[in-house]
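Visitor: Protein chains in written order, with the numbering used here: chain Z, 8 to 364; chain C, 8 to 364; chain R, 8 to 364; chain H, 8 to 364.
None of these hints come from the bench; they were simulated from the model. Since the model is a prediction, treat every value here as computed from it, not as a measurement. Treat the hints with care, since some could be wrong.
Identical copies carry no separate label here, and so any pair may be met within one copy or between two of them.
In silico lysine to any residue, SDA-like type, Cα no more than 25 Å apart, as pairs [said to hold, decoys possible]: (1) K14 - P37; (2) K153 - L264; (3) K207 - A195; (4) K314 - I157; (5) K207 - P225; (6) K207 - A313; (7) K314 - E45; (8) K314 - G175; (9) K332 - A197; (10) K14 - K363; (11) K14 - D320.
If you want the building blocks of each chain, they are given just below.
Number of protein chains: 4
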Amino acid sequence: MATNHGKNLRLTIFGQSHAEAIGMVLEGFPSGFFVDRETLQQFLNRRAPGRNSFSTARKEEDQPRFLAGLVENVTCGTPISAVIFNSDSRSTDYEELCRVPRPGHADYPAFVKYGPAHDVRGGGAFSGRLTAPLCIAGGICLQYLKQNNIFIAARIASIASFRDETSGDLSEWLGICRKEFPVLDDRAGAKMRECIASAKAEGDSVGGIVEASVWGFPAGLGGELYDGLDGKLAAALFAIPGVKGVEFGAGFEASCLRGSENNDLYCYENGTVRTETNRHGGILGGISTGMPITLRVAFKPTPSIAKPQQSVDMYSKETVSFCVKGRHDPCIVPRAVPCVEAALAVELTDSLLDWKG
Amino acid sequence: MATNHGKNLRLTIFGQSHAEAIGMVLEGFPSGFFVDRETLQQFLNRRAPGRNSFSTARKEEDQPRFLAGLVENVTCGTPISAVIFNSDSRSTDYEELCRVPRPGHADYPAFVKYGPAHDVRGGGAFSGRLTAPLCIAGGICLQYLKQNNIFIAARIASIASFRDETSGDLSEWLGICRKEFPVLDDRAGAKMRECIASAKAEGDSVGGIVEASVWGFPAGLGGELYDGLDGKLAAALFAIPGVKGVEFGAGFEASCLRGSENNDLYCYENGTVRTETNRHGGILGGISTGMPITLRVAFKPTPSIAKPQQSVDMYSKETVSFCVKGRHDPCIVPRAVPCVEAALAVELTDSLLDWKG
Amino acid sequence: MATNHGKNLRLTIFGQSHAEAIGMVLEGFPSGFFVDRETLQQFLNRRAPGRNSFSTARKEEDQPRFLAGLVENVTCGTPISAVIFNSDSRSTDYEELCRVPRPGHADYPAFVKYGPAHDVRGGGAFSGRLTAPLCIAGGICLQYLKQNNIFIAARIASIASFRDETSGDLSEWLGICRKEFPVLDDRAGAKMRECIASAKAEGDSVGGIVEASVWGFPAGLGGELYDGLDGKLAAALFAIPGVKGVEFGAGFEASCLRGSENNDLYCYENGTVRTETNRHGGILGGISTGMPITLRVAFKPTPSIAKPQQSVDMYSKETVSFCVKGRHDPCIVPRAVPCVEAALAVELTDSLLDWKG
Amino acid sequence: MATNHGKNLRLTIFGQSHAEAIGMVLEGFPSGFFVDRETLQQFLNRRAPGRNSFSTARKEEDQPRFLAGLVENVTCGTPISAVIFNSDSRSTDYEELCRVPRPGHADYPAFVKYGPAHDVRGGGAFSGRLTAPLCIAGGICLQYLKQNNIFIAARIASIASFRDETSGDLSEWLGICRKEFPVLDDRAGAKMRECIASAKAEGDSVGGIVEASVWGFPAGLGGELYDGLDGKLAAALFAIPGVKGVEFGAGFEASCLRGSENNDLYCYENGTVRTETNRHGGILGGISTGMPITLRVAFKPTPSIAKPQQSVDMYSKETVSFCVKGRHDPCIVPRAVPCVEAALAVELTDSLLDWKG
């Protein structure tokens, strides 16, 4: 289902890249919450295409139209629905795709699943464009979490092998959202931009890693086994197109450590149990510990590249050489940063509602 | 909920380490399937404690007692339930834990969630022992998948920094399950064992990575966004205690590649669409491609170590030095290998049932 | 959640009576199905207001605008979303309701649940208008079921104490949908109309019973206990505003029979197991038997009446006399007939997809 | 799935009549709750077979063995699991059923669903015996609700056409549970008993109606459309074997009333909004109003009767005359009374947990 597994809050996303509209329904959100539409739009602008030279030339206003659930921007308790009408789509770019699946895209497996009726135009329901409704829901949840003193911020941790080494404090992290290129160290950012520009110039693309942190999330949420907060967040993060890996805290590096190196020791800080370090990333045994939740998400390079690639013609069953047409980001990572924040915000709000009742 | 999010097949796991029993209920499994109890027991033995010098000294028979759902070892269509009665538990080892949470364990966040009634004995519901009922369900699903020509195998890919470099073919992978120490290259395995033995000698522990492959899974299962097969598998893998990261195909390394390097090119092989390489790991856009599903799971070092560690006394609110008592594996990775297979088997059977109707 | 509990097919309904729009998202519907828009509109017209003298004077076109999931009226496999924009709403009619809850309506309990932010205008999300999106989804499912030789038809079984005694054969039942007043015996229908007109003239309203039958639904769908087909259908029927009771087959009357009178005896008919009578209503032990599914749904009289009624002012905490303003049906039963068909169609399609895989 | 649709509390029931055991897993129950085992056993005894001359001669102790989730009878927060081992089963009674389905039972549709592997012994998973685990879960929930000043009581409203006319106050209702034959008016009860005895003497059976009331349930729980409290309760009640109809408040009779007769007028009572009458049965628009929840459940006559009946031999495809062997209640209604209470208790606890957070 195109619905998350929320217990209290359930997000359904619909639409295809070239359908009349894309949109979302968010059920279970508390009533009486004022949605700051301007702040929401600023958040959506961080994801919107056409902002800078690294993103697709397709320009969409990405302004949500709220159909239900808000009365004068205040939630009334019933499902919130918002849509974005698709305006600037050029469907002729995609006709060949019905026959020749693009390497690295969902074209082929979607064809197997849905058959010839599958809407391949613009990537259909597999388009990165479907993260816009995710960001509408996530943007509302971010405001709700903030009101509850919970802050989520994400940055580009790396593009190809170029890393944003600085760790940064909370205020620096929260400042990231005002940056066009969301890194802590702008010099590292400059190198990453060069790397993207260079790939673009060669008709190629690059991948990268997004790192996110959550401050203020209360201890005691989540649960053992299939009820784990980490599993829940991971499932939501893998729903973002292009994600190939998710790790929490020290993540894969923890596999190289000894227990005595990896364990975070407990201490008291202002009467609260804390850990002196945070290699566990804020979750132990599937339950939040009250320490910042930290995680990293690996994005593959955009599969749509201008270079000719080998594919197959599914009608003639021949191998063909093939160039992806249309407009595509040479690197999706910068625009993925708010998507990671949004995906986390929806799931963490769902969990928080358990606690707030 | 301690239940997976299965659509057709739903697994509920219950029990605590020192409860009367641990067990599982598996709903939605097809009727008329013969469960080979001997093969199932061999699978469970791969996870069972006390098999070698690296696992906890606690000895349990880990023999499931089937309460319902089977008639003469044939599934009758109604929920399958099996339990393992707990016999060899030494609860006195854990009394201190009510006050002093073990670093790296769920003791503290579970205390916040469940309050003083939480069953801390032996790690309660957070014990690795709860993977035994997972393996009962998974072992049955593995037999079902095998009957459908789908094979799952996992190996230790690394212990600390020691890697099992060999890639191996299907028959080598399937032979892993007969090995006491599940690696492809036994020389690499010998180094890993030394590494574990050395950590144990120092009262310490080590982590590692489990790699799994699935052959024969049909293309076209899974779906976009929250319906993704990768997100579903990831959620189930994070349900295994000690997992800190999950990646598919090239995973985090894909973030360093260019699109032209990472894209897998399509070709025809015996009339079927295949990719020439498999960096995508068998899943694109959340849907299976028919190529082997490949993934890696990072396990942290066992948090229970013999070395003294700093923790806090939650009653006196003081910092205390603390030694974990009880019997613990210096490395959980070898016993985690069948758990990864089991977690995958349950989710892939659930997806396959979509296809078989 | 405003979402049904579908396993394969999930329907989410959103909107309030005076929101910008009402709409639905239908996930899991098979791809490649041609939706006959004209037939769908005819179905929606059966529910639409303003058709005859018994329904509210509010006129809406009730023409769905499909936003996603259809490409040239063929389903593409991804969620289907359709909305109806609200045009003819007169919100000033409802201002008093924030303070004075209408007897028999959801105003008071919704106020307790959602607080003062609750959208009380036009009944908000509790308006019978929300059955329009249900009918969009249901209308599509009815076409799908028909293609699978499954037919659903409902009629008015009674208005107040006036009954449509005739039982009717399949062709008569299927002809009901072409009638303005859906009864088998038009003379009984004339008496019912008089009864409604008489109540309307007195500023009052009347209730009634809708009876539905399903032909061609295969045996073996549903399951024991919480998986029962009857429980699933009942839950969906109670989702229709105004429903107070649901019974299957002989229903409440079965409680007065002896086993020897109530049991339906098995026989063979054209090589198929059938029952000679159908007091069980097509479901035994929660599973379909292949006999027609028959059920009856009790609707209360429209709570909105022109007569003055006693209520309370929730601000001054005083008892007040109160007249419901606005436009209301003196009897919702005629318009409820297609809603019952729609609610059944959605659930039965969900179950059928289990079978078709 | 044999699991309810609980949001906070999820009940899974497993077992077949002649399996090794029947049992349940209850997830999401709050931690730290003391389960009074003696009170629980008294509740289970109300449902247990062999209590009086109207119930099956099969004697089972029906004493639950708790496997997990309780530590010294206090819930520890993780799933509660309890089983009842089956001891007194005579499987030879049922061999014929593999070929000849019993009229009025699930034998035939279950055979279609599950195929020849279906466990037909003793009715398998469709046996009324599966209400014992329901009552374990329900009995725990009843204690929890009582601690929250919510009381559920059910009575026999009628057996065949013999009615318990008295309405009764709360204390009389709560006294019902101490009666061997749960009616308010014992003279009416005497007639009902005669009616049952007479049916039994003739090798026949009778049906009846159970009426339930819930006091103290807070206003504002439930929701519109598919989130309705009435739909949720109805789904759970239809999960009890033998139920053919469910109605709330005035129920089917409301369909004969005018709006001015059926609407319950609001008033203030001790500062709280109440209705002067309760024809709505405590739920409006799917949400609780704070008035007692009242409902009636129709049970069909036990399908197992001693009289010869016509059925079919599914192997020879011939019509056969057939006598149901084994031990069966001439009327299931008396034992169904605690089952109705249990089914309601589980669902209402689930809803209450929304409110308590």
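Visitor: Hint by hint, say whether it matches the structure.
Guide: Do the hints match the structure? See the list:
1. K14 - P37: This pair counts as both: shortest intra-copy Cα distance 13 Å, inter-copy 16 Å.
2. K153 - L264: Answer is neither: 35 Å inside a copy and 36 Å across each miss the 25 Å cutoff.
3. K207 - A195: within (19 Å within a copy, 41 Å between copies)
4. K314 - I157: neither (44 Å within a copy, 36 Å between copies)
5. K207 - P225: Neither: 43 Å inside a copy, 35 Å across copies.
6. K207 - A313: Intra 9 Å, inter 54 Å, cutoff 25 Å: intra-copy only.
7. K314 - E45: neither (40 Å within a copy, 46 Å between copies)
8. K314 - G175: neither (38 Å within a copy, 32 Å between copies)
9. K332 - A197: neither (28 Å within a copy, 52 Å between copies)
10. K14 - K363: both (13 Å within a copy, 15 Å between copies)
11. K14 - D320: Result: close neither inside a copy nor across copies, 43 Å intra and 34 Å inter.
In summary, the numbered hints that this structure violates are 2, 4, 5, 7, 8, 9, 11.
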